[in-house]
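S.K.: Sequence:
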Amino acid sequence: MQRTRREFLGLLGGGIAAGSTAGCVAPARNEPVGERRFAMLYEDVAPSVARVQTTTDGRTGQGSGFRYRPSAADGAYVVTNQHVVGPDPDAVRLQYADGAWVEVEVLGTDPYSDLAVLEPGEAIDAEPLPLRETVPPIGTEVLVVGSPLGFSGSASQGIISGRNRSIPAAGNYTIADAIQTDAALNPGNSGGPILTLDGEVVAVATARVSGSDNLGFGVSAPLARRVVPSLIETGRYDHSYMGVAIRDVGPLIAEANGLPAARGVYVTATEPGGPADGVLRGSTGEAVVDGTPVPTGGDVIVGLGGTSIDTQSALSRYLALETTPGDVIDVRIRRDGSETTVELELGTRPAPRA
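Under UniProt numbering, the residue at position 130 of the sequence shown is numbered 130, and the numbers go up by one with no gaps.
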């Protein structure tokens, strides 16, 4: 995927750094009128949102986070972004709405979803916020609470303006199933909640596109619901891995490969010794279409596990939300002019290169 220029929304030394419901806070009061809906929601959730401050090699960074409890039997933790915490912080502290500072332990981080989980060293009188099971429709109103530019307890409002986005992650991977919002996101909002008006977290704020207005992104609640419990239990999360280099099938690839339609995901190469090696076929040649070199001879993925796959985003979303490493999945491909199904055992995505 071609990378867009993107800003993580944490702060480091005053500059921009590279950087059924499962919770227990009660939904916002029923059917308030007009702007009071946002004010009442803010009153309910603001005590559960924290400013996250880190110290690494004498430098201070900050972002946001929120209280979360996986189930009624579990303790309460703080969810934030991996890029807010950093790879090896010397100290991490939280400041809640009442101004109190609390030291925390980093339980786990995941660079591929940009999520991290913290455990406060002292009990905090703030209700955990629930993560939604599904992403609501485009146009749904949302509230963002966090600490942009260090201004704790700030709020902005907007709508969900896009779903199932893919945004850059560690290495050459992407975060699947991200949500897009026009609510204001600024450095320091990273790790804070993006909430629907019923008080549920629909996404964890993570990035904005540099130089643009009203274009921010968050890690979706469905993905966070998979990753966060594993970070709490084991300190890590294993992502499914096919071991392929891919690109969307556009008009040029479709024409060069004699495809009936410009849909599906084209396999340009497989990793030697990887899960797809010997199962899927990468490009074996090249053609020139309208003056542009185009790969030919590779498989086109059109389905995974019985689900139609039209784009890389759809493929990434399926792997992220429907599979775990070790699963054997049916891969529907178009090869040599006809469709067939092959079985592929998913591996575990390797750690990012240093």
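Just so you know, the hints here were simulated from the structure itself, not pulled from any lab data. Since we're looking at a predicted model, the values are computed, not measured. It cannot be assumed that every hint is accurate.
Per label pair, the in silico range of CB-to-CB distance [what the hints assert, rightly or not]:
id: 1; residue 1: 296; residue 2: 58; range: 48 to 56 Å
id: 2; residue 1: 278; residue 2: 35; range: 56 to 64 Å
id: 3; residue 1: 123; residue 2: 268; range: 51 to 59 Å
id: 4; residue 1: 260; residue 2: 210; range: 37 to 45 Å
id: 5; residue 1: 272; residue 2: 75; range: 42 to 50 Å
id: 6; residue 1: 59; residue 2: 151; range: 16 to 24 Å
id: 7; residue 1: 268; residue 2: 99; range: 49 to 57 Å
id: 8; residue 1: 311; residue 2: 348; range: 32 to 40 Å
id: 9; residue 1: 149; residue 2: 287; range: 49 to 57 Å
id: 10; residue 1: 159; residue 2: 326; range: 51 to 59 Å
id: 11; residue 1: 296; residue 2: 350; range: 22 to 30 Å
id: 12; residue 1: 260; residue 2: 306; range: 18 to 26 Å
C-beta atoms are modelled at their ideal positions from N, C-alpha and C, and glycine is treated no differently.
S.K.: Hint by hint, note whether the structure agrees.
M.R.: Consistency of the hints with the structure:
Range check, residue 296 to residue 58: Cβ separation about 54 Å, and the 48 to 56 Å hint holds. Distance hint for residue 278 and residue 35: a CB-CB separation of about 60 Å, consistent with the stated range 56 to 64 Å. Against the hinted window of 51 to 59 Å, the Cβ-Cβ separation of residue 123 and residue 268 comes to about 52 Å, which satisfies the hint. In this structure, residue 260 and residue 210 meet the distance hint of 37 to 45 Å, their C-beta atoms being roughly 39 Å apart.
With their beta carbons about 44 Å apart, residue 272 and residue 75 fall inside the hinted range of 42 to 50 Å. The hinted window of 16 to 24 Å between residue 59 and residue 151 holds, with their beta carbons roughly 20 Å apart. Between residue 268 and residue 99 the beta carbon distance is about 54 Å. The supplied range of 49 to 57 Å therefore holds. For residue 311 paired with residue 348, a C-beta distance near 24 Å fails the hint of 32 to 40 Å.
Our hint of 49 to 57 Å for residue 149 and residue 287 holds, since their Cβ atoms are close to 51 Å apart. Distance hint check for residue 159 and residue 326: the Cβ-Cβ separation is about 39 Å, which falls outside the suggested range of 51 to 59 Å. The hinted range of 22 to 30 Å is satisfied by residue 296 and residue 350, whose Cβ atoms lie roughly 29 Å apart. The beta-carbon spacing between residue 260 and residue 306, approximately 21 Å, falls within the hinted interval of 18 to 26 Å.
Checked against the numbered hints above, the structure breaks hints 8, 10 and satisfies the rest.
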